[in-house]
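Student: Protein chains in written order, with this note's numbering: chain A, 1 to 127; chain B, 128 to 254; chain C, 255 to 381; chain D, 382 to 508; chain E, 509 to 635; chain F, 636 to 762.
I should point out that these hints are in silico values taken from the structure, not numbers from a laboratory.
These numbers were taken from a predicted model, which means no experiment stands behind them.
All clues given are correct.
Below, computed lysine to any residue pairings styled on SDA-like, alpha-carbon distance capped at 20 Å:
no. : chain 1 : residue 1 : chain 2 : residue 2
1   : B       : Lys184    : A       : Gly53
2   : B       : Lys130    : C       : Gly304
3   : C       : Lys281    : A       : Arg114
4   : B       : Lys244    : F       : Met661
5   : D       : Lys471    : B       : Asn160
6   : A       : Lys3      : F       : Leu641
7   : D       : Lys438    : C       : Gly341
8   : B       : Lys204    : B       : Glu185
9   : B       : Lys244    : F       : Asn663
10  : F       : Lys752    : D       : Asn409
11  : D       : Lys437    : D       : Arg392
12  : F       : Lys752    : D       : Asp412
13  : E       : Lys585    : C       : Asn325
Covered by chain A, per the in silico footprint, the following chain C stretches (three or more residues, Cβ under 8 Å):
no. : stretch
14  : 283-289
15  : 292-303
16  : 315-326
All C-beta atoms, glycine included, are put in the ideal place defined by N, C-alpha and C.
Below are the chains, spelled out letter by letter.
Protein chains: 6
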Amino acid sequence: MDKETLETGLRIRTEVLGKEYVENSMKNADDFNRPFQEFVSEYCWGAGWGRPGLTKKERSMLNLAMIAILNRPHELKLHIRGALTNGVTKDEIREIFMQVGVYAGAPAMLDSVRIAKEMFVEIERGG
Amino acid sequence: MDKETLETGLRIRTEVLGKEYVENSMKNADDFNRPFQEFVSEYCWGAGWGRPGLTKKERSMLNLAMIAILNRPHELKLHIRGALTNGVTKDEIREIFMQVGVYAGAPAMLDSVRIAKEMFVEIERGG
Amino acid sequence: MDKETLETGLRIRTEVLGKEYVENSMKNADDFNRPFQEFVSEYCWGAGWGRPGLTKKERSMLNLAMIAILNRPHELKLHIRGALTNGVTKDEIREIFMQVGVYAGAPAMLDSVRIAKEMFVEIERGG
Amino acid sequence: MDKETLETGLRIRTEVLGKEYVENSMKNADDFNRPFQEFVSEYCWGAGWGRPGLTKKERSMLNLAMIAILNRPHELKLHIRGALTNGVTKDEIREIFMQVGVYAGAPAMLDSVRIAKEMFVEIERGG
Amino acid sequence: MDKETLETGLRIRTEVLGKEYVENSMKNADDFNRPFQEFVSEYCWGAGWGRPGLTKKERSMLNLAMIAILNRPHELKLHIRGALTNGVTKDEIREIFMQVGVYAGAPAMLDSVRIAKEMFVEIERGG
Amino acid sequence: MDKETLETGLRIRTEVLGKEYVENSMKNADDFNRPFQEFVSEYCWGAGWGRPGLTKKERSMLNLAMIAILNRPHELKLHIRGALTNGVTKDEIREIFMQVGVYAGAPAMLDSVRIAKEMFVEIERGG
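From just these sequences and the hints, can you work out the full model?
Tutor: Okay, structure coming up:
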């Protein structure tokens, strides 16, 4: 493990997904899923997101398109919230899912729109 | 068919993929694939790419990530060339495929890198 | 936008998915998802389903197989109902999912069967 | 192994994919791939295609859409030839790939069209 | 149908997924889904799992990785239980999902971990 | 970067994929793809494969199933060779692809078998 990369990762992950979410993920980790938490924090958020060359906003935009296509609603929700935090506007989210529709088809687009709407409601309610 | 949208689509498609490519696609179209050429020009390039809200550079960035994951090497090559035309740098392409690696796994990343390298060589040779 | 194609699309979409569903989709649309409603109505249902060359029943059969593989349960449910409306029988739905099993594997088949059963119960209850 | 199902499977497979192809597959089978030849003949072609409830033409139509989405060009080619044998016309193949475009996106559609064109040329040359 | 293969399949399926599950699946089968029950029992469990050459533990390990990537949570749950029955330990399940993360990306890994945790809780409660 | 993990990764990668392959990958790396080489060596091979809990043979078996489903022929070839190095026998490779057939469908299975045969020929020729 590279401590510096892990720390960078935890910092970025917290900035993007929120303090509460990251603290809960770490606190609730047991022997089974602690290694995943560390792996994700170090490699995805440290060694991946921590790289220069793209802004956090651009990485968020890519993630919305990728996770929509990868068909993982739970992760998509997290990254919609993260995208808003990183300055992606609702109008831009709409355009990203339009582009998903053209390149990955209508069901991927409509599912993503439905999930985004659920997330917007959650956020408005203070969730 | 909406003539205005089709014309917008043909214009954008030509700007992004190049005059030669689009003219060849249209010229080589027969009864079997002409409807696809029109469908793609009008809907993908006109009604999709023609929308405001994202820059062409941003749409190209999304496409590289999406088509890498959708696993379509032939289309990926075209859109790597288009991305360079739209101002995406080689360094940014590298970062996009890094992000693909984190979210869609090593094989999707390595395949895309290999295809990008082939395309860079083709372009350098004037192809 | 091509008004004629949009109108064709809305008509076919209503015939296949039902008046109540389409009216609700349109009524509940806000600034975020109205463009998707229009895009889907014009392009999927107008420019896609509106084409000659395949019967509505045949398009429904293809959709069940495709959406089963694309792994979108929410859309699959809608199109199971639509397929019944378009004259696909329960026996034919069974055979389509058998064919999905052979070409896309047991989990895609079993998931689709489970979703179809849920939908049949919903329809019997008048939903 | 169920001998009757295997025989049904070999008969249907031969009718759809051609005598030459099936005989070559069987003749070239060694210890490594003979079990796959038998598995495919018995289960896919015997227990799958051998079922009543859908015509061979309908099963071919489903296969073109499914294999296009599953992204397996080698198998797609075989089943394009098989579809023509089963009475699917070129116009219907075009419509099936249009429907693929709407539901699975432009790259899946364009790739399938390209493969179909290659296959049509091969067949015209007597391949 | 090959009666011997079907019986082998039912026996293995019962050993792996549990007597209660298999009896319920068979008892609840109606005209619509009985053919799927038979197909799965004979081909997946009889002709597939019934083959020599891999241990049941190894087949379970493969299944966890495959079904995680195929993105079928309902089937994944069943096969997590089956894997434990076949002697795959929790530590091994963790390592399998780590390997999924490296080759299929973080969202596939994190989703699978979440589903595994739900299943472990269910099992502890005697479910 | 964690130097120890990178070194572990390079060692395991060399053991599995061969000295020649890894040296070529490193030697041919330019500014564009060097970061991928390092990322893959450190994270996939060091932090992933370097973990205890599964044998190298078991990781190879999982990889064959996963990469077959992920539909990446180029990577599949490499990992077939690696699997043989790690003690997976040809008979076991056959069984793994059988299991792929049951859970991911016939085209994924047949494509993988075809690729394996090509690789076996290459290896016999001393490639």
